[in-house]
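A.B. asks: Single-letter residue listing:
Number of protein chains: 2
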Amino acid sequence: MEDKVIKMEHGAGGELMQNLIKDLIIKNIEKKEAGGVGLDELDDGGSIPLNNFRGNVVLTTDSHIVKPLFFPGGDIGKLAVSGTVNDLSVMGAKPVALSSSIVVEEGFDMNKIEEIMKSINKTSKEADTPIITGDTKVMEKEEISDLIINTTGIGFCKNPVRDSGLNSGDKLIITGPIGRHGISLLSFREGFTFESDLESDVQPINSLIDSALKAGGVTAMKDPTRGGLATALNEMASKSNLGLLIKEDKIPLTDGVESASSILGIDPMNVANEGIAIIGVKKNKAEDVLSELKKQKKGKKAKIIGKAVKENKRKVVLETKVGGKRFLEAPDGDPVPRVC
Amino acid sequence: MEDKVIKMEHGAGGELMQNLIKDLIIKNIEKKEAGGVGLDELDDGGSIPLNNFRGNVVLTTDSHIVKPLFFPGGDIGKLAVSGTVNDLSVMGAKPVALSSSIVVEEGFDMNKIEEIMKSINKTSKEADTPIITGDTKVMEKEEISDLIINTTGIGFCKNPVRDSGLNSGDKLIITGPIGRHGISLLSFREGFTFESDLESDVQPINSLIDSALKAGGVTAMKDPTRGGLATALNEMASKSNLGLLIKEDKIPLTDGVESASSILGIDPMNVANEGIAIIGVKKNKAEDVLSELKKQKKGKKAKIIGKAVKENKRKVVLETKVGGKRFLEAPDGDPVPRVC
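Sequences listed follow chains Y and V, in order. When the letters of the first sequence are read in order and numbered with UniProt numbering, they come out as residues 1 to 340. When the letters of the second sequence are read in order and numbered with UniProt numbering, they come out as residues 1 to 340.
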């Protein structure tokens, strides 16, 4: 290993994090699968086939360290439930139950915990997913700041949908505007005046994904969180061994994100989203899936943004607004730290 | 709420923690079960019945914050896997898969992470339970010290074994000597000279529990971690609405724990264990279960320590070595902080 200590970029969802996971974790763990999707796959979760049940249990985990705890459009509680529900959903699973484990600093205000719990409750009701077990730990003030929430979830599905499942010709749909979580958090932290639509997109989208699955033809899904759309698309290209051809002018953006990102000098393609998904769909079913998504409020701005092709394998090609073409690279990490 | 801020005791596994969980968490969360054991039950995990599968999925979670990361007999990696495997086991479930989520400080030594991963690997092999998904986050040095590991696990069983399942007349078995984890950690932190047998008991005991279940007659099980045997027995008494009559001289103790605890002035009944279980068994099956446990190395020192009775409901009565009787109270918390 070249780097001998942990850097912030190791947690930013990019290539450095992937390398860390491969070099330190994957390499050292030998028991990595239970007959289904395992740790090696670096998908949004793992799965366990149940033969008698004729289906799979999907397991996914996230520790949430977002700062500040309360931000425009949400808070750590809403994020914790949404993040895990959405990871299960993009694995093709119906979320069935969550665990919630809290590590909090000594001296922390209980009213804030109550506010976060109310938010967890509201989001779990919105996602129709119960929290059935939990854990509480307290650490000294010098050893942790505020609080961290781990949510782990299980879901059921017949067969998991993989982020590697694209076939040549499949269309790529994005279920909503990009960059809202990362750009709004950064603007809020920097104290920029706030435009009305500049809010995090954090929300559970299990019912939205469910409607896409019911329409049929879904071949791959992914949650573009840390590292944003650019990272998620590159991972999908890489894992399916195909090229992705993306039309820049089709990528949905809100006015707020467009103006704030240009002022901040941050590409919204590279920052985290917490309430959208990328869905790969067979060409002849793409319009059906799109129209089902658009029937729901959370999918009103869904768009077909491109397709999988045989050329430029493992690369993402962006057809720019001015008519040019360029490779869309994954950033080393997320330019906005501590977003999830 | 009388206390408006979090105190260390809120994380110590005792009554203060129970109150915190009831007042702040249970009260605010409405969706708390998925048809099986739910959050309200405050058991070692939750469960989800699968009708077609004719069984249950059990889910359990723990965030591990132990200090120091490496201690006599184990480290945070061994603890993380053992803790979750054991929680599944005492719910009567066969551990099937784990998730592992790490939050680490910027600047942390990668060689230490590697050492911890090797320990996770070794323990996951010992417990024959794979780690199928994970998450990695990095925080600034000022915001976290060293690293925290959340492990969440799922297991399968026909019907969960509850910590509330005792019936009057049932015998109580403890699978090994008590107090080793808490007393050895405290001694190590305080820099006391080390006796050869003063080591943490941290270990996965799923195969041990499995042999007890196969012998039959098991009615209740519990993991005496934070707050020790005293807390776990009081919870079992309270939840089953029975009294527990415990013979002090039957409780297995190592010489190392006995001498260190008297020097430290800490009752080994009140400190955490990480490699033993309390098993409630129907009277006529108790000797069978005991003899199965004793066949395994990890159960060699198992003992029948008492029984459930109709008198002194919701209380634990200790028959002391000198022939007296006293109520064994649960401590407010664990007298040794940051043990798991």
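One or more of the hints may lead you astray.
For identical chains, the list gives no copy identity; a pair is met inside one copy or between any two copies.
Unchecked claim - Here are the computed lysine-lysine pairs in the DSSO-like style, where the Cα-Cα straight-line distance is at most 27 Å: (1) Lys118 - Lys7; (2) Lys32 - Lys310; (3) Lys94 - Lys214; (4) Lys112 - Lys141; (5) Lys22 - Lys32; (6) Lys32 - Lys158; (7) Lys27 - Lys94.
These aren't lab readings, by the way, just hints derived from the structure by calculation.
A.B. asks: Hint by hint, note whether the structure agrees.
C.D. replies: Each hint, compared with the structure:
1. Lys118 - Lys7: Answer is between: at 21 Å across copies they meet the 27 Å cutoff, but 34 Å inside does not.
2. Lys32 - Lys310: neither (31 Å within a copy, 47 Å between copies)
3. Lys94 - Lys214: Answer is within: at 12 Å inside a copy they meet the 27 Å cutoff, but 34 Å across does not.
4. Lys112 - Lys141: both (16 Å within a copy, 24 Å between copies)
5. Lys22 - Lys32: within (13 Å within a copy, 36 Å between copies)
6. Lys32 - Lys158: Answer is both; intra-copy 21 Å and inter-copy 25 Å each pass.
7. Lys27 - Lys94: between (31 Å within a copy, 26 Å between copies)
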